[in-house]
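Novice: One letter stands for each residue in the lines below.
Protein chains: 2
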Amino acid sequence: MYPKSIKDLIEDFSKLPGVGEKTAERFVLFLATQKEKDGILSFSSHLKEMTDKIVKCERCHMLTEDTICDICKSKERDTETLMVVSDSKDVFVFEKMKTYHGQYHVLDGVIDFSKGISPEDLNIDSLLKKVASYKEVIIATNGTVEGELTAKYLKALLSDFNLSITRLAYGLPVGSDLKYADELTLNKAVENRQKY
Amino acid sequence: MYPKSIKDLIEDFSKLPGVGEKTAERFVLFLATQKEKDGILSFSSHLKEMTDKIVKCERCHMLTEDTICDICKSKERDTETLMVVSDSKDVFVFEKMKTYHGQYHVLDGVIDFSKGISPEDLNIDSLLKKVASYKEVIIATNGTVEGELTAKYLKALLSDFNLSITRLAYGLPVGSDLKYADELTLNKAVENRQKY
Chain A
1 MYPKSIKDLI
11 EDFSKLPGVG
21 EKTAERFVLF
31 LATQKEKDGI
41 LSFSSHLKEM
51 TDKIVKCERC
61 HMLTEDTICD
71 ICKSKERDTE
81 TLMVVSDSKD
91 VFVFEKMKTY
101 HGQYHVLDGV
111 IDFSKGISPE
121 DLNIDSLLKK
131 VASYKEVIIA
141 TNGTVEGELT
151 AKYLKALLSD
161 FNLSITRLAY
171 GLPVGSDLKY
181 ADELTLNKAV
191 ENRQKY
Chain B
1 MYPKSIKDLI
11 EDFSKLPGVG
21 EKTAERFVLF
31 LATQKEKDGI
41 LSFSSHLKEM
51 TDKIVKCERC
61 HMLTEDTICD
71 ICKSKERDTE
81 TLMVVSDSKD
91 VFVFEKMKTY
101 HGQYHVLDGV
111 IDFSKGISPE
121 DLNIDSLLKK
131 VASYKEVIIA
141 TNGTVEGELT
151 AKYLKALLSD
161 FNLSITRLAY
171 GLPVGSDLKY
181 ADELTLNKAV
191 ENRQKY
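From first to last, the protein sequence lines are chains A and B. First residue of the first sequence: 1, per UniProt numbering; consecutive thereafter. First residue of the second sequence: 1, per UniProt numbering; consecutive thereafter.
Do not take every clue at face value.
To be verified - Computed footprint of chain B on chain A, listed as stretches where at least three residues anywhere in the stretch have a Cβ under 8 Å from a Cβ of chain B:
1. 40-49
2. 128-141
As the list claims (entries may be wrong) - Part of the chain B face toward chain A, derived, beta carbon under 8 Å:
3. 2
4. 8
5. 12
6. 14
7. 16
8. 17
9. 20
10. 29
11. 36
12. 40
13. 43
14. 44
15. 50
16. 51
17. 88
None of these hints come from the bench; they were simulated from the model. Even glycine gets a Cβ: it sits at the ideal position worked out from N, Cα and C.
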C-alpha cells in the first residue's frame with residue numbers, strides 16, 4: 001500500500017530499539033512530508049559517514065574516529081586509574097558526569113552463558129596486557145547478575161597484579177525516597193553506611 | 001564529547017517527532033555498535049531514495065512515486081466517490097481498512113488561523129476543478145476545532161455543485177466503555193442513534 005521507498009524506510013526505522021511499526025510509520029511520514037529536503041539528505045549522509053568513520057580505539061575499544069581515542073591520547077587524564085565498563089555507551093554516561101578523569105577499558109559485553117557469551121568474547125586479553133601500568137582498576141559493570149559475574153571474574157584475574165581493585169558503590173539513589181528502595185539496595189545502603 | 005559523526009546523527013534523530021536527545025542517543029549508539037554495516041548503509045540510501053522519489057500526485061496530492069498515484073490511476077476504484085482528507089497519512093489509515101473503494105483528495109493541512117494557515121494554503125482549487133465528476137464527497141477532516149472549521153468551509157463551497165456531501169459519523173468508539181466517553185461524544189452517539 002505504501003510506495004516502495006516509504007515501505008523500505010519504515011522497515012529500517014522499525015529495527016531501532018523500542019520502535020514498533022506504528023512509530024516507524026510516524027517517523028517516515030513526518031520525513032516524507034517535509035518541505036525542506038536538505039535535512040533528510042544530510043541525515044542520509046550522516047548515517048553513511050558514521051558507518052564509514054566510527055571504529056574502535058585500539059587501546060580501550062571505545063567508539064572513536066581515530067586509531068586511538070581522544071581519552072587514551074589525552075595528556076590531561078589520570079593515567080593511573082582505569083575504569084572497566086561493559087559498553088561504549090557507559091563511557092559517554094561517565095564522561096557527562098565530568099568528574100572522573102581516569103581512562104577506560106570497554107569490554108564490549110558481559111559474560112552471559114545464556115546468550116553464549118563467554119570471557120573469550122570480551123576484550124579481556126587487551127585489558128590484562130595493559131593493566132600493569134595502572135594503580136587502580138574500577139570495575140564498573142552493571143549491577144545485574146551478568147554484570148556481577150563479570151566483575152567477580154575480572155577481580156579473580158586482576159588479583160595477580162599489584163593493583164587496587166574497586167567496584168562502584170551500591171546504595172540509595174540520590175534524592176530517592178526510602179519507601180521505593182528495594183530490600184537488596186536498602187541492605188547495601190546500611191552495610192556500606194559512611195561517617196557523617 | 002561524542003565523536004563528530006555520532007553527534008551529527010544524534011541531532012538528526014532528535015528532530016523526529018517525539019524523539020528527545022536521550023532516545024536519539026540510544027538509536028545512534030545502537031547503530032554505531034552494530035557489527036553488520038550493510039543494514040545502516042541501506043538505511044542511509046533508503047533515506048536518500050525516498051527524498052528523491054516521493055512526490056505528490058498531480059490529481060489528489062497524495063504521496064506517490066509517480067505523476068499520478070496508484071489510487072487515482074486504478075480502474076477498480078469507485079470514481080464517483082471522493083474522500084477529502086487533511087493529510088497523506090489519513091489516506092494510508094483508510095487504505096488499511098480495505099473497505100473504502102472510492103478516491104481521495106489530500107488538502108495538505110486544515111484551516112488554522114492561529115498558525116496562519118488560510119484556505120489559499122490548502123489544495124482547494126484543484127478540488128473544486130475536479131469535483132463536478134463525483135456523486136458524493138465525504139469530508140473526512142479530523143474532529144478538532146480546525147478540522148470542523150475546514151469541513152464547514154468546504155461544505156459551503158461544495159454546496160454550489162450537484163453533489164451529496166457527507167461527513168464521517170461521530171459516535172462511540174467500537175468496543176469502548178460508556179463510562180470513558182466524553183459528554184460531546186455521548187451526545188453525538190444519542191443524536192445519531194440508528195435503527196437496531
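Novice: Confirm or reject each hint.
Specialist: A quick look at each hint next to the structure:
| no. | hint | in the structure |
| --- | --- | --- |
| 1 | 40-49 | holds (count 10) |
| 2 | 128-141 | violated (count 0) |
| 3 | 2 | 7 Å, holds |
| 4 | 8 | 5 Å, holds |
| 5 | 12 | 4 Å, holds |
| 6 | 14 | 11 Å, violated |
| 7 | 16 | 5 Å, holds |
| 8 | 17 | 5 Å, holds |
| 9 | 20 | 12 Å, violated |
| 10 | 29 | 5 Å, holds |
| 11 | 36 | 10 Å, violated |
| 12 | 40 | 5 Å, holds |
| 13 | 43 | 4 Å, holds |
| 14 | 44 | 4 Å, holds |
| 15 | 50 | 4 Å, holds |
| 16 | 51 | 5 Å, holds |
| 17 | 88 | 6 Å, holds |
When each numbered hint is compared with the structure, violations occur for hints 2, 6, 9 and 11.
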